[in-house]
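The letter at position 372 of the sequence shown is residue 371 when you use numbering that gives the first Met the number 0, and the numbering goes up by one with no holes.
Rather than coming from a laboratory, the hints here were simulated on the basis of the structure.
Computed from a predicted model, the values in this text were never measured in an experiment.
Careful, some of the hints might be misleading.
[Claimed, not checked] Calculated cross-link-like contacts (lysine-lysine; reagent style DSBU-like; alpha-carbon spacing at most 35 Å):
hint, residue 1, residue 2
1, Lys244, Lys270
2, Lys164, Lys130
3, Lys189, Lys178
4, Lys153, Lys8
5, Lys122, Lys189
6, Lys130, Lys160
7, Lys178, Lys130
[Said to hold, decoys possible] Label pairs and their in silico Cβ distance ranges:
hint, residue 1, residue 2, range
8, Gly273, Asn81, 34 to 44 Å
9, Gly273, Arg41, 19 to 29 Å
10, Asn226, Asp63, 37 to 47 Å
11, Leu333, Asp142, 20 to 30 Å
12, Glu13, Pro200, 51 to 61 Å
13, Val301, Arg20, 38 to 48 Å
14, Ala289, His49, 25 to 35 Å
15, Lys189, Gln314, 25 to 35 Å
All C-beta atoms in this analysis are idealised placements derived from N, C-alpha and C, irrespective of residue type, glycine included.
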Amino acid sequence: MYTLRICPKPISSEWDCFVQRHGGSHLQTSLWARVKESLGWRAVRLIGLHESKIVGGMQLLIRDVPLFGLIAHVPRGPLMRNDDARANEFLYTALEQYMQSNRIQYLYLQPASSNVSFIEHLKRANFATSKVDLAPAATCVVDLTQDLDTIWSKLQKRRRKAIRKALNTELSVREGTEKDVGTFYALYTKLIERHGGKKYPKSYYEQKWRVLNPHGLTRTFVVEFHNEPVTMHWVIPFGETVLSKMAAWSGNHGNLHPNDLLEWSVIQWAKAQGYRYYDFEGIPVEAAQALLANQPLPQTLVQSATSYKLSFGGQPVLFPPALDRFSNPLLQWLYVRMTQRATLWPWLNELANRLRTHSQKSGRKRWWRCILTAPECAFEHGEGLTGMMAAAERIIL
């Protein structure tokens with residue numbers, strides 16, 4: 000017999016411990032939900048209990064879209080103690096009832112890699128594979144259980160050469176502090192100015208540091224040249240993995256290979272701290288599929304951020320595809336027809352990303368401007384930050 004606990008508390012250490020123990024993502028923690036509050040999201044957790052013990056659950060991030068209603072996002076969930084069919088059915092029923100009773104108009108769910116039976120429940124309930132890219136569907140992971148010499152040997156030859164060169168320069172690497180949140184944002188702003196794109200507010204990064212750092216869930220690393228910050232890395236250590244969350248480069252001193260030095264330094268740090276994996280967080284699905292089939296990279300990705308990440312010797316990993324559904328049958332029918340037209344995918348992705356980052360404090364006029372101008376921005380900057388970093392990295396490859 001299962002019982003349901005609906006938990007809207009800002010912080011739930013019990014849930015966060017469950018997420019970590021069962022191999023979940025930091026995206027499912029209540030601490031991450033606190034970070035997302037700065038972008039207008041609120042969290043609720045649907046937790047299944049058996050004899051007062053958590054057997055599974057999921058965290059929903061919810062926000063109100065003016066003139067539309069509530070939308071919800073389940074990142075890398077639900078999580079289960081084991082892949083029990085009855086527990087999955089219980090949680091699926093709880094999710095449907097919560098959506099109906101709270102009038103959630105749209106749900107986007109990125110399944111946890113381990114939960115196959117829950118995906119089948121969603122597909123039977125008319126959830127379809129989403130064309131919206133809110134998070135990576137594939138990634139590249141370095142196995143840190145190998146000895147350091149083995150990890151080094153798997154780097155591409157040109158990457159090892161670049162790191163050796165960087166080590167013989169006056170570049171220095173240090174771990175960042177709270178004061179370096181401003182340093183990061185300055186580098187990030189320069190990146191946006193060079194390549195364009197949607198910029199997160201500074202308050203988002205300040206909130207990320209304030210919430211996550213006291214719990215050891217965020218670290219920053221800085222490369223300097225004569226006390227000048229050149230490039231900076233923001234990582235999230237969680238469970239057995241260090242996740243490469245974001246990088247920002249000033250664009251200076253590319254001939255000294257500061258980005259190569261920083262990436263290798265963080266990999267060394269992660270191994271020294273006892274983590275098992277270093278995750279580059281995101282490569283295109285087509286790249287992962289090609290490599291897993293022992294095929295070469297698609298030509299369009301040969302000189303890109305993807306090839307840069309893969310040059311550090313990691314292995315490709317595919318995640319289950321995201322699923323989504325509108326509660327209104329007519330809207331769902333229109334959405335399915337729209338997603339059948341590939342030319343509309345950039346517009347849908349840009350709109351989804353703007354809804355994700357747009358401040359809740361913006362007025363209705365700004366929300367409609369967000370929707371109506373999405374096509375223009377999608378075709379100019381559809382690749383987002385990854386595309387911007389690709390442009391920067393081509394200079395140093």
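Consistency of the hints with the structure:
1. Restraint check for Lys244 and Lys270: the C-alpha separation of about 17 Å stays at or below 35 Å, so the hint holds.
2. Taking the CA atoms of Lys164 and Lys130, the gap is near 42 Å; set against the 35 Å cutoff, the hint is violated.
3. A threshold of 35 Å between alpha carbons decides the hint, and for Lys189 with Lys178 the separation of about 18 Å falls inside it, so the pair holds.
4. Of the supplied pair hints, the one linking Lys153 and Lys8 is violated, its CA atoms being roughly 45 Å apart against a limit of 35 Å.
5. Between the alpha carbons of Lys122 and Lys189 the distance comes to roughly 43 Å, so the proposed pair goes past 35 Å and is violated.
6. Between Lys130 and Lys160 the CA atoms are separated by roughly 39 Å; this puts the pair beyond 35 Å, and the hint is violated.
7. Taken as a hint, the Lys178 and Lys130 pair is broken in the structure, with Cα atoms around 39 Å apart against an allowance of 35 Å.
8. The beta-carbon spacing between Gly273 and Asn81, approximately 26 Å, falls outside the hinted interval of 34 to 44 Å.
9. Taken as a hint, the range 19 to 29 Å is violated for the pair Gly273 and Arg41, whose Cβ atoms sit roughly 35 Å apart.
10. Here the CB-CB span from Asn226 to Asp63 is close to 46 Å, well matched to the stated 37 to 47 Å.
11. Against the hinted window of 20 to 30 Å, the Cβ-Cβ separation of Leu333 and Asp142 comes to about 45 Å, which falls outside the hint.
12. In this structure, Glu13 and Pro200 break the distance hint of 51 to 61 Å, their C-beta atoms being roughly 31 Å apart.
13. Against the hinted window of 38 to 48 Å, the Cβ-Cβ separation of Val301 and Arg20 comes to about 40 Å, which satisfies the hint.
14. Roughly 43 Å separates the CB atoms of Ala289 and His49, a value that falls outside the hinted 25 to 35 Å.
15. Take Lys189 and Gln314: their Cβ atoms lie about 32 Å apart, and the range 25 to 35 Å holds.
In terms of the numbered hints stated before, the structure departs from hints 2, 4, 5, 6, 7, 8, 9, 11, 12, 14, listed from lowest to highest.
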